[in-house]
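Student: Full structure from sequences and hints, please.
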Amino acid sequence: MDEYNFLQELSNDLGELFSSGNNCDVIIQAEENDNKKEFYTHSLILCSRSTYFKAALSKNWIHNENGMIIFKKPNISPEIMNHLLKYLYSGIIELDKQRGVNVFKLFIASDELGIKKLSDYILNYIIEKYEIYIKEDPIDILQIIFKYEHFNSLRNNCLEFISENPKIFFESTKFLSIEKSILIKLIQRDDLEIHDEYEIWNYILKWGIERMSSSLTTTENNNNHHNNIDNNNIDINNFSNWNLENFFELKNILHDFLLHIRWFQISSKIFYQQISPFKPIFPDYLYKDIITKNFKYFSLKPRKSIYCNSKIITKFHLPIFSSWIDYKEKNFYNIKTMPYHFELLYRASRDGFSSTNFHNLCDNKGSTIIICKLKDNGTIIGGYNPNSWNCNDNEFLVKSEDSYLFYFNNNIILDDDFDKSFTDDDDEPIIARLANKNYDKYLYNSNYGPTFGTGFDLIIENDIIKCDNITSYPKLLAFINPRQIYFLEDYEVYKVTK
1 MDEYNFLQEL SNDLGELFSS GNNCDVIIQA EENDNKKEFY THSLILCSRS TYFKAALSKN
61 WIHNENGMII FKKPNISPEI MNHLLKYLYS GIIELDKQRG VNVFKLFIAS DELGIKKLSD
121 YILNYIIEKY EIYIKEDPID ILQIIFKYEH FNSLRNNCLE FISENPKIFF ESTKFLSIEK
181 SILIKLIQRD DLEIHDEYEI WNYILKWGIE RMSSSLTTTE NNNNHHNNID NNNIDINNFS
241 NWNLENFFEL KNILHDFLLH IRWFQISSKI FYQQISPFKP IFPDYLYKDI ITKNFKYFSL
301 KPRKSIYCNS KIITKFHLPI FSSWIDYKEK NFYNIKTMPY HFELLYRASR DGFSSTNFHN
361 LCDNKGSTII ICKLKDNGTI IGGYNPNSWN CNDNEFLVKS EDSYLFYFNN NIILDDDFDK
421 SFTDDDDEPI IARLANKNYD KYLYNSNYGP TFGTGFDLII ENDIIKCDNI TSYPKLLAFI
481 NPRQIYFLED YEVYKVTK
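Numbering (the working numbering), first residue to last: 1 to 498.
None of these hints come from the bench; they were simulated from the model.
Beta carbons are placed, not taken as given, at the ideal position from N, Cα and C, and that holds for glycine.
Treat each hint with caution, since some may be false.
[Unchecked claim] Below 25 Å or equal to it, Euclidean Cα-Cα: the simulated BS3-like pairs (lysine-lysine) are:
#1 K97 x K117
#2 K301 x K167
#3 K36 x K72
#4 K301 x K315
#5 K301 x K498
#6 K304 x K167
#7 K279 x K269
#8 K279 x K180
#9 K304 x K269
#10 K73 x K54
#11 K251 x K180
#12 K97 x K135
#13 K330 x K315
[Said to hold, decoys possible] What follows is a set of in silico ranges between Cβ atoms, one per label pair, in the way DEER data are often shown:
#14 I412 x N23: 55 to 61 Å
#15 E149 x N252: 27 to 33 Å
#16 P474 x K167: 26 to 32 Å
Tutor: Now the structure itself:
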């Protein structure tokens with residue numbers, strides 16, 4: 001006998017039953033703030049699909065009116081309840097159409113209502129998508145994750161992601177609403193990637209001022225509703241009319257934060273000009289240690305941030321460069337495991353495109369990497385020199401067998417999972433290594449900037465980059481046309497140390 005699967009038809013019919021409310025015997029009243037809605041449902045469906053409803057509808061305390069069971073759920077919003085009831089009837093839920101916060105709320109509600117298969121599915125979905133949701137709404141998502149034990153495994157991952165992308169958190173319009181315990185956990189982290197510790201102080205100060213009984217926001221009506229006050233509306237310089245009581249109030253609010261700020265990474269000039277006016281909020285011993293630079297008993301270490309101040313690349317290029325230096329063609333380093341540090345020595349748009357300026361700032365500095373951006377299409381090319389550059393009136397060649405040249409398509413957005421950043425071969429970066437150790441030379445000449453290869457394989461002269469002949473790096477032909485001149489939008493030189 002032929003069989004036919006009628007599950008889709010069954011799902012549609014039960015979905016229609018929910019929409020119509022025909023023959024219902026349970027009214028569910030969902031409510032959130034002033035948003036209320038009644039749902040007309042069927043006890044048979046509810047009890048067969050939810051262990052919570054199966055137990056609750058059999059209790060004596062349920063309320064009946066005119067033969068209808070009235071069931072109140074004031075802690076689940078009408079929107080979330082609607083999605084869950086549709087799932088109970090039809091077996092369908094569309095998470096990809098939901099905002100991140102709603103997906104979390106759907107999990108919490110489905111777990112409470114004993115819809116185990118759905119809650120397990122949503123939790124796995126959240127684990128897969130949490131970075132997207134954090135970017136979308138970092139404050140609300142963090143608050144939820146730290147409120148519910150179900151998300152224990154996500155907490156450190158989310159803090160780690162925020163540490164790597166702090167602007168989405170600190171510049172959020174909801175930043176001032178973040179709970180104290182979460183904010184402390186974040187600024188305690190050694191890997192918080194804010195290069196300027198004074199910037200962290202400013203964020204903390206604004207957060208604290210907003211919590212004062214007479215907050216100094218520029219908004220006219222401050223009801224201490226932190227969600228409605230923008231970070232930029234807190235004027236941290238408007239304290240001329242403060243009295244000692246105001247400072248003591250702020251001291252109590254920020255007391256637990258002060259020992260987690262790396263004061264030794266803030267210059268004395270900035271501290272005296274911008275922070276010392278808040279001296280009354282500091283414990284005497286801490287203020288004394290800061291101004292005397294006596295951090296003998298200060299247990300904090302400098303933050304281990306991977307700060308990339310390039311105008312051309314992102315920090316996610318750095319592990320790739322590091323991997324190529326160590327001849328790692330597979331199993332690339334990531335942000336945390338790369339063993340090299342990159343220090344900006346020269347930026348042409350800032351320091352001038354002349355070869356003289358390049359040599360003045362980059363000669364005798366050890367290993368360097370050159371990163372260039374072409375003006376016409378944004379392509380990124382460059383090279384690694386394991387030796388020092390040197391200026392000499394006469395041309396001379398220096399042996400350099402570990403050097404390489406490279407190419408990146410500037411339209412590709414890298415992340416820390418290098419292997420998954422490219423969708424096809426055309427997107428992948430290209431590395432051009434030496435084909436013959438007999439040609440592993442650099443040309444040094446005061447008239448030129450960085451120059452690679454015995455045949456002038458890649459040469460920078462002021463604001464142009466070109467290839468005269470390809471002799472040392474044959475794979476260079478994949479991204480440079482010999483004897484064609486390319487104009488540079490910018491180029492940078494970084495010192496590379498291990």
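Student: Going straight from one Cα to the other, do K330 and K315 come out at no more than 25 Å?
Tutor: holds, 19 Å
Student: So if I understand the rule, the pair passes when the alpha-carbon distance is 25 Å or less; does K304 with K167 pass?
Tutor: Holds, at about 17 Å.
Student: Against the 25 Å threshold, does the CA-CA distance of K97 and K117 hold or violate the hint?
Tutor: Within the cut-off at roughly 20 Å; holds.
Student: Taking 25 Å as the top limit, are the C-alpha atoms of K301 and K498 close enough?
Tutor: Holds, at about 19 Å.
Student: For a C-alpha distance cap of 25 Å, please report whether K304 and K269 respect it.
Tutor: It holds: about 23 Å lies between the C-alpha atoms, which stays within 25 Å.
Student: CA of K301 to CA of K315, is that 25 Å or under?
Tutor: holds, 22 Å
Student: Run the distance test for K279 versus K269: straight-line Cα separation, threshold 25 Å.
Tutor: holds, 15 Å
Student: Hint check: K301 vs K167, CA-CA at most 25 Å. Holds or violated?
Tutor: With a Cα-Cα distance of about 22 Å, the restraint between K301 and K167 holds, given a limit of 25 Å.
Student: Check whether the Cα positions of K36 and K72 lie no farther apart than 25 Å.
Tutor: At roughly 11 Å apart (the allowed maximum being 25 Å), K72 and K36 satisfy the hint.
Student: At the C-beta level, are P474 and K167 separated by a distance inside 26 to 32 Å?
Tutor: violated, 42 Å
Student: Take the C-beta atom of I412 and the C-beta atom of N23, compute their distance, and say whether it sits inside 55 to 61 Å.
Tutor: holds, 57 Å
Student: For the pair supplied as a hint, K279 and K180, is the alpha-carbon distance within the 25 Å limit?
Tutor: holds, 22 Å
The structure fails hint 16 only (numbered hints given earlier).
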